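Peer 1: Below are the chains, spelled out letter by letter.
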Amino acid sequence: MSKRNLEYDFAWCPGCGDFGVRRALQVALEAYSVEHEEPQANNVIVAGIGCSGNMVHLVEGDQPFGIHGIHGRTLPISFGVKMGRPDLNTVVVAGDGDFLSIGGEHLGPAASRNVDVTAVVMDNGVYGLTKGQSSPTSEFGAITTSTPLGKIETPVNPLKNYMAIGVSYIASYYSSKPRQLAKIIQEAMNHRGFSIVHVQSPCTTYNDTYDILKGKPKEGIKGLAFDIPEDHDPSSVQAANDLLSRPGIPLGLIYKEEGKTLQDRYEDLQAKAPVKTNDQLLDSYLLQ
Amino acid sequence: MDKQDFVIRFAGEGGQGLVTSADALARAAAHAGYFVQTHSTFPSQIMGGPASSQVRISTTPVLSSGDGVDVLVALNQYAFDHHNEDLNVGGVTVYNAEEYDLPEGGQYFGIEADELAKSTGNARAANMVTIGAVAHLIDFNLGEIDEFITQRFTRGRPGDDEIITANIAAVRLGVDVAKGSGFNVGQLSDPIPPDYKQIVITGNAALSMGATAAGLDFYAGYPISPATTVLVWMENYLWGEGRFVHQVASEIEAINAILGAGFAGKKAMTATAGPGFSLMSEGLGLAWMAEIPLVVTNVQRGGPATGLPTKSEQSDLMSCMHPAHGDIKMPVLAPGTIEECFYAGVLATNWAERYQGPVILVSEFGLADRGENIRRPNLDDVSQESRATVSEGDTGKRYDSWDGSTPLPGMPTPGGPGAYVANGSEHDEIGDTTHLPRHHVRLMERRFKKLDLLTGAHYEIENADADVIIMPWGSSKGPAREAYDRLRADGADIGWVYSVALNPLPEEVLSVLKSGKKVIVPELNYLGQWSALLRQDGINAESVTQYTGLPFRPADLVDSIGERIGVGVTA
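These protein sequence lines are chains H and V, in that order.
Counting along the first sequence from 1, when you hit position 65 you're at 65 in the numbering used here, and nothing is skipped either side.
Counting along the second sequence from 1, when you hit position 555 you're at 555 in the numbering used here, and nothing is skipped either side.
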């Protein structure tokens, strides 16, 4: 089923990196559903606000359920979905502004809980929908409409942040190769715990970084993005940190740690929780 | 002289066992068949600071914390200086003679509770010495206190018997001191025990219990006075298959977590107070816009900002009704008694399901941790409503237009048919963003029309023919009712309207209020928030306000309402 909703009045700019991420997400959702023999309706996409958040309306084919909520709150909303219905595959889609600036406070708790949610972060280094303001990942000195004389904050390093707070699955990729990205997203969905796939998704209107990322091989210019060496051990904190201390943007799985999810921990407590019926509870207040 | 009603107040410093003393007396009295209501006031700190805790004991259900105090136990000079003026005529103060002295000849006598307690071999029984003195002053049946002590300290431990004996001995020592003082404040009439099963419960426990009885199965919260005890209750009791409870990182997380859970099919709630409620504004707007069932309980304290965390105020009503930007008028339930807290917990949960949207349950410090004996609710009378859902083959869409002439269309559950996007942007039938005028118009109308479904809350209408109506809300109901009864007894021609539902108001209530009468609203805030909201609806309402952080005294209301209606009575 295609939506092709003519009244839907949002469109990404031509060449937007989010097209590639959408393609990847669609493929990943489809493959995940086939793999687990579940209907598409078992997937819930929780979207933030900004260009990236519109992903939830633009997915083609069998429709997942979606929430297009408020700016910065994808993680607590997805926490509610997942802990309310642990059987649902819960996926967050958000931009760097939504996820790392206004929503930054929720990252630590989500990591501490190891809630079984997958976040696909589209990083374009700019606030695009509001027409080109500086974002957490904009470079130092970046000239934007809100930093006309240059940005005077050092940029956030998202991947190092994720490592520092203990996110249990961290991958980095870019939007240009949707098939490979889809594999990573699917693997992140299969990871039991909090997973983040941080995607460089350039904004062709305000911050076109395609050349910077991929370089211009014909002209001999190297890009920032590099494939993670095959001998990288993603189960090693040390190896992950070493990888992140290298200049450039690694492409692939950086870190993966197996452990108990929030649901697992909660079930451990359930097993020893004193369960009382409502009548028993009321009787505990009886006037003696 | 037989009296039907006594107020006993224990005043001193936080950590001196004031609440324990009032609670012990309350439980002993409730056990004996009296009706009780406790009320405490303390500073926002862990230990110390001026504090007091009182119990009102009566032969009939207690409506308020009363006018004054019949027996004051003042554990330090500060407590005496600040509370002695509240003593009723004929009242007596018991002061802590180990701490300070008072000149001869007043309505008071000293007691050396610590010293006397030590003589029983149990230094921790000092509060029982004091309770003994109080019991003598009101001629309270000592057998009931002995029984209470025996129950409390029978814990299956080796030293139980010794502790019980020492505590009972301590009570007798206190009795002797009071006897020796020659004071007596009257005799408490024999109780008229109710013929129904009773529970002793606080407002926060009652509303938590009510929501749970209605099928609540998801709770996320963050500690804040005076709502913390709701979180603590849930963390202790909301366990079991399909249930989830968690302390999250902020009120912003709490509202968004229950948004996610409500969307996913759960009956979800959070509880907070003013500052946390402010943080939930944006999330509440989303719940209204995307039509997500959930309950937010706001246990009010004094505001604005940090305000008065441990005092009584009814100053969040406007923000409860209009918590977020845009066109919104939230359903609001405001219980006024402990029993109403239980049923408001039930109804709030059911309302959220019934109309597929957010419901505000507004309580108060004055109800939160106040203990009272009430009729044990019968769960057979408690309905559990669940949202209408959709099945395969249904042709309707999540956000179809709705004019109220048919049942509200079902809400699809993730995993099932009818996939849609719960969207905070204005949207089309399946939740995709659209800014076309016709969608904004039809869904605006749908969102407001749904409020018509919210009926069934408790309300009271009496003497509706009178030209002046007294209409309190929330916990001001009790003192207002006492004032109303006294004014009526003095011949005032006034009527009474009370409604737990403040939005939407029951039709019958609205028609009385709109009949052109003058409506006087006693409320604990500066602006006169409820009367202002009533005036928006064209009702001729005015407020009698108080913003001291304390509940109304019925006598003050008799004066202030009497003044408004030209009745020169004073209590």
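No lab work stands behind these hints, which were simulated from the structure alone.
Computed from a predicted structure; not experimentally measured.
Check each hint, because a few of them may be wrong.
Stated by the list, open to error - Ranges between beta-carbon positions, derived for each pair:
(1) V:T455 x H:E38: 53 to 63 Å
(2) V:A305 x H:K260: 35 to 45 Å
(3) V:E162 x H:P274: 23 to 33 Å
Stated by the list, open to error - To spell it out: a stretch of chain V is covered by chain H in this simulated footprint if at least three of its residues, at any positions, have a beta carbon under 8 Å from a beta carbon of chain H; those stretches are:
(4) 372 to 386
(5) 505 to 512
(6) 554 to 560
Ideal placement from N, C-alpha and C gives every residue a C-beta, glycine not left out.
Peer 1: Work down the list of hints and note, for each, if the structure agrees.
Peer 2: Okay, the hints, checked on the actual structure:
1. Checked against the given bound of 53 to 63 Å, the beta carbons of T455 (chain V) and E38 (chain H), roughly 40 Å apart, lie outside it.
2. Between A305 (chain V) and K260 (chain H) the C-beta distance comes to about 40 Å, which sits within the given range of 35 to 45 Å.
3. Look at E162 (chain V) against P274 (chain H): about 31 Å separates their beta carbons, and that is inside 23 to 33 Å.
4. Here the segment 372 to 386 of chain V counts 4 residues with a CB under 8 Å from a CB of chain H, which clears the bar of 3, and the coverage holds.
5. Coverage of a stretch by a chain is defined here by at least three residues with a beta carbon nearer than 8 Å to that chain's beta carbons; for the segment 505 to 512 of chain V and chain H the count is 0, and the condition is violated.
6. Interface restraint, the segment 554 to 560 of chain V with chain H: violated (0 residues with C-beta to C-beta distance below 8 Å; minimum three).
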